[in-house]
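**Student:** Letter by letter, the chains look like this.
2 protein chains.
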Amino acid sequence: MTRRIQLYDTTLRDGSQSEDINLTAADKLKIALKLDEIGIDRIEGGWPGSNPVDVAFFKEIANYHLKHAVISAFGSTHHPNFTADSDPNLRAIAESGARVASIFGKSCEVHAAEALRLDAARNLEIIGDSVAFLKGKLAEVYFDAEHFFDGYKHNAAYAQSALRRAHEAGADVLVLCDTNGGTLPHEVARIVAEVREALPGAAVGIHAHNDCELAVANSIAAVQAGAVQIQGTINGVGERCGNANLCSIIPTLELKFGGEYACLPEGRLQQLTAVAAYVSEVANIPPFSRQPYVGRSAFAHKGGVHVSAVNRKSSLYEHISPDVVGNRQRILITELAGRSNIVSLARRFGFHLDKDEPVVKGLLTELKKKASLGYDYAAAEASVELLILRKLARRGVREFFRLLQFRVLETKHDSEGEPVSEVSVMVDVEGVTEHTAATGRGPVNALDNALRKALLGFYPRLSEMRLLDFKVRVLTGAETGGGTASTVRVLIESGDSDSRWVTVGVSFNIIEASWQALADSVTYKLYKDEHARRAGSDGE
Amino acid sequence: MTRRIQLYDTTLRDGSQSEDINLTAADKLKIALKLDEIGIDRIEGGWPGSNPVDVAFFKEIANYHLKHAVISAFGSTHHPNFTADSDPNLRAIAESGARVASIFGKSCEVHAAEALRLDAARNLEIIGDSVAFLKGKLAEVYFDAEHFFDGYKHNAAYAQSALRRAHEAGADVLVLCDTNGGTLPHEVARIVAEVREALPGAAVGIHAHNDCELAVANSIAAVQAGAVQIQGTINGVGERCGNANLCSIIPTLELKFGGEYACLPEGRLQQLTAVAAYVSEVANIPPFSRQPYVGRSAFAHKGGVHVSAVNRKSSLYEHISPDVVGNRQRILITELAGRSNIVSLARRFGFHLDKDEPVVKGLLTELKKKASLGYDYAAAEASVELLILRKLARRGVREFFRLLQFRVLETKHDSEGEPVSEVSVMVDVEGVTEHTAATGRGPVNALDNALRKALLGFYPRLSEMRLLDFKVRVLTGAETGGGTASTVRVLIESGDSDSRWVTVGVSFNIIEASWQALADSVTYKLYKDEHARRAGSDGE
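Protein chains in written order, with my numbering: chain A, 13 to 552; chain B, 13 to 552.
Any given hint could be a false lead.
Just so you know, same-sequence chains aren't split out, so a pair can sit in one copy or run between any two.
[Stated by the list, open to error] Simulated crosslink set (DSS-like; lysine-lysine; CA at most 30 angstroms straight-line):
#1 Lys71 to Lys380
#2 Lys42 to Lys403
#3 Lys325 to Lys367
#4 Lys42 to Lys483
#5 Lys373 to Lys71
Source of the hints: derived by calculation from the structure; they are not laboratory data.
Generate coordinates for the entire structure from the input sequences, incorporating the hints supplied.
**Tutor:** In structure tokens form, the structure reads like this:
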């Protein structure tokens with residue numbers, strides 16, 4: 013018997029309380045549509061009426077026909093100075109256009125008294141009235157029992173009576189919140205079971221925070237004890253240490269319980285890695301590479317022992333097949349790399365090598381040497397590919413261009429002005445010397461502009477290529493003189509209509525490091541297209 | 013009754029399998045000494061004999077007298093082609109100088125057959141001989157039963173017999189490894205209990221990986237079921253999704269079980285945040301801000317509702333007091349900030365404001381406007397402090413210098429050369445125009461050098477200040493023209509002998525953004541010292 017667990021996503025509300033997240037209404041809309049696509053059941057959009065971003069979101073999302081998800085509005089029980097039907101926030105929820113709502117209320121006497129200055133009986137009345145009011149206006153109402161587990165440990169009878177009041181007023185799910193994230197899995201299991209015993213007809217949900225790194229375990233423990241709704245966020249974003257990470261909970265429930273639980277509609281799990289990446293991108297936060305299931309490193313193998321075993325049989329060091337969640341295996345090239353790593357990587361690029369060929373040893377030595385200088389080949393696979401190609405291809409990788417000189421000039425007048433960037437570039441392209449100059453929005457952009465200007469006549473397809481992201485990292489703090497004189501590594505991610513690639517540059521000079529990564533990126537684009545064309549014509 | 017749990021740290025071995033970690037022998041030494049200081053029991057240094065870094069580490073660490081920790085050497089059971097006492101790796105462990113060792117062996121038939129091409133009986137023999145050999149040479153030997161949980165689920169009897177063989181050969185701890193990280197807490201609890209029942213005299217350990225985001229929960233479940241040793245890493249670093257995070261396990265066991273478990277020596281828990289930061293710094297990996305207990309965001313409050321409540325009573329939204337683990341509470345200034353955030357922040361700087369004062373509203377508007385442009389005030393508290401001070405202080409923050417002009421020139425000849433950086437800076441310092449020029453290792457360093465040259469005669473204490481780190485982030489990808497033309501944010505962390513501070517600059521031009529952060533950093537240093545001097549003389 014498979015049990016369906018309802019997924020309630022709060023990335024747009026609790027998730028946006030993350031220190032490093034600020035979402036616009038347009039961002040929220042994009043994320044909501046993506047969550048609908050993968051088959052999330054409920055999407056909490058925000059607090060209607062609390063701020064212009066959330067007002068705009070609820071207004072805008074009403075124009076879309078969602079395929080699967082239902083939008084939920086968030087708020088609290090009514091303010092003690094109002095009645096439920098005169099409370100501006102509850103009215104805003106009722107009028108938001110959302111068909112369901114979650115409202116939080118106090119289930120802990122101490123919190124009611126200290127945060128709201130309410131006595132215990134009045135708090136229960138407020139819970140009942142608020143739920144009943146919304147239940148009269150919307151299809152479903154969920155009661156988020158804030159600080160439930162702490163409250164329960166302090167006074168179980170009172171915490172239960174808060175739930176009972178919400179239940180009697182018509183709440184569709186009683187959501188037990190571990191607001192401060194300090195509860196342990198065995199406590200969650202026990203308390204959820206006790207709540208279900210005390211309120212047999214009630215549906216229970218779980219809302220966990222990750223302050224003890226246990227939010228996923230707590231959510232799963234709640235489901236095992238009978239909870240039917242899980243509240244969480246994509247990538248586990250959220251205030252402080254974040255919310256329960258749906259990207260870990262969903263595959264664990266679907267893949268690790270022998271079919272006992274289902275979360276997403278059939279066949280959607282493969283979208284998980286893409287959804288996680290999309291949300292990071294829209295929210296403009298760096299993805300966490302070690303993130304379970306969907307992280308860039310989740311199926312990355314570096315140790316020599318592991319790599320040989322993985323080459324023989326993947327499941328030896330992988331708990332699931334990466335493609336089940338839309339991720340992929342990666343074999344890393346690093347300073348510790350063994351020859352089997354090189355062989356694996358070369359195979360991906362179409363070269364079948366033997367571990368004992370001298371060229372493998374030579375490549376390993378060269379990679380190790382550059383890696384020890386700071387070239388992050390684990391991140392910049394396109395740069396590794398170029399390095400291997402330059403070494404392996406008998407005919408050599410075609411040298412599309414060669415730098416003869418560049419000059420970058422930045423001038424800023426007075427403390428308020430923006431500096432002006434002027435760049436000149438001289439390159440040799442197929443025996444012709446091209447000398448161009450350009451301005452730009454900053455020195456790297458000016459360099460990019462000047463280089464493209466020099467090359468575009470020869471290679472018009474460069475116009476499709478875009479730089480998507482770049483990252484700078486100071487490598488060697490105090491050791492090389494330190495401070496602003498430290499070595500920096502620049503990673504540039506570029507893309508065109510059908511792929512993305514990352515290249516690397518290292519120098520104590522940020523302009524030089526950017527130039528290296530930029531030059532590699534352009535070369536990679538030209539190589540890639542030529543290779544595709546050649547492969548295409550071979551096929552005909 | 014308090015039960016002591018032994019902490020076995022493998023940051024230097026399994027942790028260094030992280031995609032983004034490469035440790036030198038000097039790095040390993042630094043980390044080992046720090047782990048000893050906080051009171052970790054066992055420190056796994058690496059594989060003696062497998063690579064020059066680990067050889068150097070074992071040689072070097074032998075010269076130190078550790079206060080608490082014992083160094084452990086890692087390796088595998090002997091190779092099938094050797095006997096235990098002729099196996100070069102086991103001999104290297106015996107001769108490494110380490111007093112204890114962990115060796116891993118197969119406890120799953122399938123793995124023995126597929127990874128080592130060994131039959132089941134020969135594998136048991138190898139385990140027994142390897143443990144017995146090392147037991148004759150060292151004080152303690154731990155047997156890491158690789159893939160134990162997967163093996164147990166496949167064939168419990170065989171997995172048990174692998175443990176029994178190691179136990180009979182004298183292994184001091186039988187470490188159950190969830191090598192692929194796919195096991196769930198309820199499975200760990202059951203299997204650990206069954207193992208303890210089958211081998212009543214044996215001490216059991218747990219080695220968990222985080223592939224389901226459950227490594228902390230699994231380690232705790234094992235301890236609750238009777239395990240006495242936990243293997244993990246600082247910050248949860250490690251291959252793929254990482255190892256069990258000791259920074260979450262230690263405080264959870266010590267603080268959340270009513271004194272049932274102790275891990276660190278009395279009074280050391282407060283060092284935890286500092287140790288986590290130190291390891292990140294030495295390993296040169298960006299700290300994960302949402303990391304439980306020790307992360308920068310772990311006690312950071314952003315939501316308006318939370319902030320007012322936290323101002324009233326911290327425990328309302330904090331599961332522990334941050335200082336117990338050496339962390340601190342932070343009230344964030346962001347686009348969503350309420351006036352209570354401003355009041356809290358100003359109070360920290362010694363200004364007692366009322367929420368309703370017009371200056372608070374004005375500050376909020378200004379902060380929101382700049383935050384919407386990309387100024388990350390949550391990260392760059394020193395820049396917020398300057399902004400508030402400039403607004404609040406009646407006398408104004410003294411303007412230590414004013415930029416009149418800078419020029420940055422980068423020249424690179426041919427593709428192999430490094431560019432040369434030349435900078436000229438003209439500033440007004442206390443009515444005097446200073447015009448200086450400098451070269452540097454890159455444009456930011458040259459700017460830094462030229463600015464210091466201009467100011468040092470006026471403010472000699474600038475010589476103490478160092479730039480510790482800088483970060484660059486592309487903010488607005490496709491939206492503002494994108495690519496190399498995107499807006500970038502630069503965060504600079506600076507320090508002197510008694511503090512560290514972070515400042516921010518935002519521009520589409522990386523040089524300009526760096527300049528803003530640099531100028532704020534220098535101003536902050538000068539302001540801070542002046543403030544301290546004034547406070548000092550007030551006190552006399």
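**Student:** Against which earlier hints does the structure fall short, listed by number upward?
**Tutor:** 2
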